[in-house]
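Student: For the protein sequence lines, the chains are H and Y, in the order given. Throughout the first sequence, residue numbering follows this note's numbering, covering 1 to 124 in sequence. Throughout the second sequence, residue numbering follows this note's numbering, covering 1 to 359 in sequence.
None of these hints come from the bench; they were simulated from the model. Given the structure is predicted, the values throughout are model-derived calculations rather than measurements. Here a beta-carbon is modelled for each residue, glycine too, at the ideal position from N, C-alpha and C. It cannot be assumed that every hint is accurate.
[Claimed, not checked] Heads up, incomplete: computed chain H residues facing chain Y, CB under 10 angstroms, no partners named:
#1 Asp-38
#2 Val-59
#3 Lys-64
#4 Ile-80
#5 Thr-82
#6 Asn-92
#7 Asp-94
#8 Leu-122
[As the list claims (entries may be wrong)] Heads up, simulated DMTMM-like pairs for lysine to aspartate or glutamate below, C-alpha to C-alpha not over 20 angstroms straight-line:
#9 Y/Lys-157 <-> Y/Asp-177
#10 Y/Lys-211 <-> Y/Asp-177
#11 Y/Lys-166 <-> Y/Asp-177
#12 Y/Lys-203 <-> Y/Glu-244
#13 Y/Lys-102 <-> Y/Asp-60
#14 Y/Lys-286 <-> H/Glu-35
#15 Y/Lys-203 <-> Y/Asp-8
#16 Y/Lys-75 <-> Y/Glu-117
#17 H/Lys-76 <-> H/Asp-108
#18 Y/Lys-341 <-> H/Asp-68
#19 Y/Lys-128 <-> Y/Glu-117
#20 Y/Lys-286 <-> H/Glu-85
#21 Y/Lys-350 <-> Y/Glu-282
#22 Y/Lys-118 <-> Y/Asp-19
#23 Y/Lys-63 <-> Y/Asp-106
#24 Y/Lys-341 <-> Y/Asp-285
#25 Y/Lys-286 <-> H/Glu-43
#26 Y/Lys-316 <-> Y/Asp-285
#27 Y/Lys-333 <-> Y/Asp-298
#28 Y/Lys-341 <-> H/Glu-43
#29 Y/Lys-16 <-> H/Glu-35
#30 H/Lys-76 <-> H/Glu-6
#31 Y/Lys-277 <-> Y/Glu-200
#32 Y/Lys-316 <-> H/Glu-43
#33 Y/Lys-341 <-> H/Glu-35
#34 Y/Lys-316 <-> H/Asp-118
#35 H/Lys-49 <-> H/Asp-118
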Amino acid sequence: MLNILENLKYTKSHEWIKFNGNVARVGISDHAQHELTDIVFVELPTIGKVANAGQTITVVESVKVAADIYSPVSGKVTAINTQLESNPGLINSDPYGEGWIFELETNDSGTDLLSANDYRSLIS
Amino acid sequence: MNKTFLYDEHVSLNAKMVDFAGFLMPVSYDSIINEHLNVRNHSGIFDVSHMGEIFVSGKDAEKFLQYVVVNNVNKLSDGKIIYTPICYENGGVVDDILIYKKMNCDYMIVANASNVEKVYNWLKTTSKNFEVNILNKSSEFSMVAIQGPKTPALMEKAGFNILDLKYYTFKNSVFNDFPILISRTGYTGEHGFEIILPNEGVKSLWNHFFKAGIEFNLKPIGLGARDTLRLEVCFSLYGHELTESINPIEADIGWTVDLTKSDFIGKKNLLNPVTRKLVGFEMVDKSIPRGGYQVFADNKNVGFVTSGSFLPYINKNMGLAIVNNEYTSVNSKIQIEIRQKMYNAVVVKKPFYSPFNKR
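Extracted from the complex, chain H is given alone in its bound form (with noise of 0.2 angstroms):
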């Protein structure tokens, strides 16, 4: 079974948050990247670029597939993790942790967003 960590919260595109005061961090699931196989390419949102909740904020590139990410909530991109730049393939081996892909500054704390247990039941 691949790993959803209890902590975070889901979206039904697959992608996790991580809140933290009005920071909010943002990855994909071990489902996706999984699903994605060899990660390739990641296209980082630029800093300071303006998020909506539901709308494409980024692009992740598998050897087969270019895949939107979804932004969870609203916010503006206040970091992106450069690491992808050199590495993509941090968002296969470690998607929860070294594989995020980026921060926002967000007082929207997320509707439809799904806990671990109702992500668990979306993928099985």
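Following the hints, position chain Y against chain H.
Tutor: Positioned in the frame of chain H, the structure of chain Y alone reads:
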């Protein structure tokens, strides 16, 4: 959905399965990149049982094939294989196939999985005035391919005498009382073989190779790596570089078309000069080109990408594209439109990679 006779083996190896040409096939077992590198560095085994086998025999077999394909079938002697497109009158491609000459008046065609019915029907229609028998035996046969520099040693260890088998030739052999056909052919550019045998024998053959392959680092390889491997050496894939609207000359495989043949389907149109051609290109800006993306140059749309990917062995983002004649020379600067933005690329020589060891 069809399954090959190796379906259970793929599932037990934890393969990710996808629908390909109506067959449930493994796209990868481990990772596309690892599988690709394993073929270039060691050896890999592929289930290609979804491909079709059509037999053409009878008094007019050679005459008919000479008429219905674009390459010169007269060149074939017993035990030899030829690669050729089959074209419509307008030069567009029905499929690209291999023809094996078993003996006079007795040939076997191997066709792409997605085109087997189409090829069979086309051969039936176009052979009306020839004394030939056309039999589609695809459902009786399975096929595996083994490719990579360690393959010859692996084949010998597995008990198959292939050291004298030249490129694009085949021999008959036996495995567990099953008649098998071993050809020195493949879709990766590496030294390798393809083996065709009755369905009932393929499972034990697959496992036999795994046993023999341990010391050669043999791994199972899925369709994902099959695609990146063929693209790295610039082999055409039907539906991408060859289609019903892209002819073999445009696809830059004019060497497969013998225009000196007296008559064959498509000859008239293939004699016309082409206005566009298939080129290889390398991304200059960091992004991944994919089939269908448009190609621009001098602010005009000048063509389209037929295939593109990150290529694991040479570690670059590259692709193939049909572009107008003006932009086909090596070093031509082009742009690829990716998600509504332009990214710079440059036309380069084909193939992108040529394996050191003889194929």
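Student: State for each hint whether it applies.
Tutor: Evaluated hints:
Taking 10 angstroms as the C-beta contact cut-off toward chain Y, the hint placing H/Asp-38 at the interface holds, the least distance being around 5 angstroms. Hint status for H/Val-59 relative to chain Y: holds, with the closest Cβ pair at about 7 angstroms, below 10 angstroms. Evaluation of the H/Lys-64 hint against chain Y yields a held restraint, the C-beta minimum of about 6 angstroms falling below 10 angstroms. Using the Cβ-Cβ criterion of 10 angstroms, the hint placing H/Ile-80 at the interface with chain Y is not satisfied: the shortest such distance is roughly 15 angstroms.
Interface hint at H/Thr-82: violated, since its Cβ lies 13 angstroms from the closest Cβ of chain Y, which is beyond the 10 angstroms cut-off. Taking 10 angstroms as the C-beta contact cut-off toward chain Y, the hint placing H/Asn-92 at the interface holds, the least distance being around 8 angstroms. Given the 10 angstroms rule on beta carbons, the hint for H/Asp-94 is violated: about 15 angstroms separates it from the nearest Cβ of chain Y. The closest approach between the C-beta of H/Leu-122 and any C-beta of chain Y is roughly 19 angstroms, which is over the 10 angstroms cut-off, so the hint fails.
The hinted pair formed by Y/Lys-157 and Y/Asp-177 meets the criterion: a straight-line CA distance of about 19 angstroms does not exceed 20 angstroms. With a C-alpha separation of about 19 angstroms, the suggested pairing of Y/Lys-211 with Y/Asp-177 holds against the 20 angstroms cut-off. Proximity of Y/Lys-166 to Y/Asp-177 is assessed by CA-CA distance (about 25 angstroms); at most 20 angstroms being required, the pair is judged violated. Under the criterion of a C-alpha separation no larger than 20 angstroms, the hint pairing Y/Lys-203 with Y/Glu-244 is inconsistent with the structure, at around 36 angstroms.
Taken as a hint, the Y/Lys-102 and Y/Asp-60 pair is honoured in the structure, with Cα atoms around 15 angstroms apart against an allowance of 20 angstroms. Of the pairs offered as hints, the one joining Y/Lys-286 and H/Glu-35 is violated, with about 24 angstroms between alpha carbons and a cut-off of 20 angstroms exceeded. Proposed proximity of Y/Lys-203 and Y/Asp-8 is supported: the alpha carbons are some 9 angstroms apart, at most 20 angstroms. Between Y/Lys-75 and Y/Glu-117, the direct Cα distance comes to roughly 27 angstroms. Violation of the 20 angstroms bound is thereby established for this hinted pair.
Restraint check for H/Lys-76 and H/Asp-108: satisfied, since their Cα atoms lie roughly 11 angstroms apart, inside the 20 angstroms limit. With a CA separation close to 16 angstroms, the supplied pair Y/Lys-341 and H/Asp-68 stays within the 20 angstroms bound. Taking the CA atoms of Y/Lys-128 and Y/Glu-117, the gap is near 17 angstroms; set against the 20 angstroms cutoff, the hint holds. Restraint check: the Cα-Cα separation between Y/Lys-286 and H/Glu-85 comes to about 10 angstroms, which is no more than 20 angstroms; the hinted pair holds.
About 11 angstroms separates the Cα atoms of Y/Lys-350 and Y/Glu-282, which keeps this hinted pair within 20 angstroms; it holds. Proposed proximity of Y/Lys-118 and Y/Asp-19 is supported: the alpha carbons are some 19 angstroms apart, at most 20 angstroms. The hinted pair formed by Y/Lys-63 and Y/Asp-106 meets the criterion: a straight-line CA distance of about 12 angstroms does not exceed 20 angstroms. Of the supplied pair hints, the one linking Y/Lys-341 and Y/Asp-285 holds, its CA atoms being roughly 11 angstroms apart against a limit of 20 angstroms.
Straight-line distance between C-alpha atoms of Y/Lys-286 and H/Glu-43 comes to about 9 angstroms, which keeps the hinted pair within the 20 angstroms bound. Between Y/Lys-316 and Y/Asp-285 the alpha-carbon distance is near 11 angstroms, which keeps this suggested pair within the 20 angstroms criterion. Note on Y/Lys-333 and Y/Asp-298: the hinted pairing holds, with a Cα-Cα distance of about 9 angstroms set against a maximum of 20 angstroms. For the hint linking Y/Lys-341 to H/Glu-43, the alpha-carbon distance of about 13 angstroms falls within 20 angstroms, and the restraint holds.
A C-alpha spacing of about 8 angstroms is found between Y/Lys-16 and H/Glu-35, which places the hinted pair at or below 20 angstroms, so the restraint holds. A threshold of 20 angstroms between alpha carbons decides the hint, and for H/Lys-76 with H/Glu-6 the separation of about 26 angstroms lies outside it, so the pair is violated. Among the hinted pairs, Y/Lys-277 with Y/Glu-200 is inconsistent with the structure: their alpha-carbon atoms are about 44 angstroms apart, more than 20 angstroms. For the hint linking Y/Lys-316 to H/Glu-43, the alpha-carbon distance of about 16 angstroms falls within 20 angstroms, and the restraint holds.
Taking the CA atoms of Y/Lys-341 and H/Glu-35, the gap is about 27 angstroms. The hint is violated against a cut of 20 angstroms. For the hint pairing Y/Lys-316 with H/Asp-118, the CA-to-CA distance comes to about 40 angstroms; that exceeds 20 angstroms, so the pair is violated. A C-alpha spacing of about 30 angstroms is found between H/Lys-49 and H/Asp-118, which places the hinted pair above 20 angstroms, so the restraint is violated.
Of the numbered hints listed earlier, those contradicted by the structure are 4, 5, 7, 8, 11, 12, 14, 16, 30, 31, 33, 34 and 35.
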